[in-house]
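Residue numbers (the numbering used here), protein chains in the order written: chain A, 1 to 68; chain B, 101 to 168; chain C, 201 to 268; chain D, 301 to 368; chain E, 401 to 468; chain F, 501 to 568.
No lab work stands behind these hints, which were simulated from the structure alone. Accuracy of the hints is not assured; some may be wrong.
[As the list claims (entries may be wrong)] With the Cβ distance kept under 7 Å, some of the chain E side facing chain F (calculated, not the full set):
(1) Leu409
(2) Gly431
(3) Ala457
(4) Ile465
(5) Val466
We put the CB at the ideal spot given by N, CA and C, even for glycine.
Protein chains: 6
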Amino acid sequence: MKLSARNVLKGRVRSVVKGQTTAHVKIELTGGAVITASITNEAVDDLNLREGDEASAVIKASDVIVAK
Amino acid sequence: MKLSARNVLKGRVRSVVKGQTTAHVKIELTGGAVITASITNEAVDDLNLREGDEASAVIKASDVIVAK
Amino acid sequence: MKLSARNVLKGRVRSVVKGQTTAHVKIELTGGAVITASITNEAVDDLNLREGDEASAVIKASDVIVAK
Amino acid sequence: MKLSARNVLKGRVRSVVKGQTTAHVKIELTGGAVITASITNEAVDDLNLREGDEASAVIKASDVIVAK
Amino acid sequence: MKLSARNVLKGRVRSVVKGQTTAHVKIELTGGAVITASITNEAVDDLNLREGDEASAVIKASDVIVAK
Amino acid sequence: MKLSARNVLKGRVRSVVKGQTTAHVKIELTGGAVITASITNEAVDDLNLREGDEASAVIKASDVIVAK
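Looking at chain A on its own, in the form it has when it is part of the complex (with noise of 0.2 Å):
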């Protein structure tokens, strides 16, 4: 399965904090940078995400802000 999406950034899970509902999941890229994800308790559970985990980041380049 290929994405539109223009970022897929591989790392690695660097940890897994489940609220209520909603999940916030720390993945370290290859670079050294950490993205944080807000994902539902529901999408953890069927990835099965642990810490350890290869995974990866996808976010549509239409979600991203400048700064400068």
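Dock chains B, C, D, E and F against chain A, hints included.
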């Protein structure tokens, strides 16, 4: 100014391509990954964005999808 | 590859219209509904998207508004 | 009221699960596909959303990723 | 029709600028602030949007970043 | 720091309600309109957001839907 967005990724502008109303900007992060942002032409002019500029990609946690 | 996005809706590409930087793609879902996606021209080329292709619309739960 | 959002998909509420501040709502479209929306609890109360209600999923074209 | 989106801000259309596929619309809110929306040309035609029209800016709570 | 986001609306924090992982923040704009933002608890702590603070709501043009 501090932002609630969890992801503020520092890098350098690699390219700026303007369309009629929307522009695509590529930012190379310190770690080597490249992020594409789709922003208005107006924003490109307003920030005076040019290849080589130091810039950051700002992304809300709720806009990040995790792939595994 | 599995995605945290809760909505992965299968269908078939009905049309692809490219602008200068941004393209609009219509996908007809199995049930008959048509979903419009606004993606980069670059993505259209990268996925080699054409009318008639099997494709899915991927949408994060946090991007869905409910109307009643 | 008419919306600029290109995607207004009609269906019926299948479930409403509230968290502490955020709720997940599943809408079954006429064609059979199920769409998950993550909205505020406040919105659930304001729309008085309940299982069985007729409701639509509203999605901007720029929030749709295409997978092939 | 009622929307789950927490932000429905009333105002008046100040300008509509169409690109090849994407248009930029400026809405002046009652309080004086101006909001820019990037929508499809198709939506502009569908709503017959013109300068001076009464219109609202609809924004999901999860799409708002807080700066301080 | 300057942002590509076209909408940076100044106001004052009216309320901050934390859930288990996600918080809802209401900002009253100078013109009187109130904007609700859904952000991470982590962001609330990081910005030390409290009722009465001066703060801005930052919104990308592509996240705004027009209703007429």
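Q) Out of the numbered hints, which ones does the structure contradict? A) Of the numbered hints, all hold.
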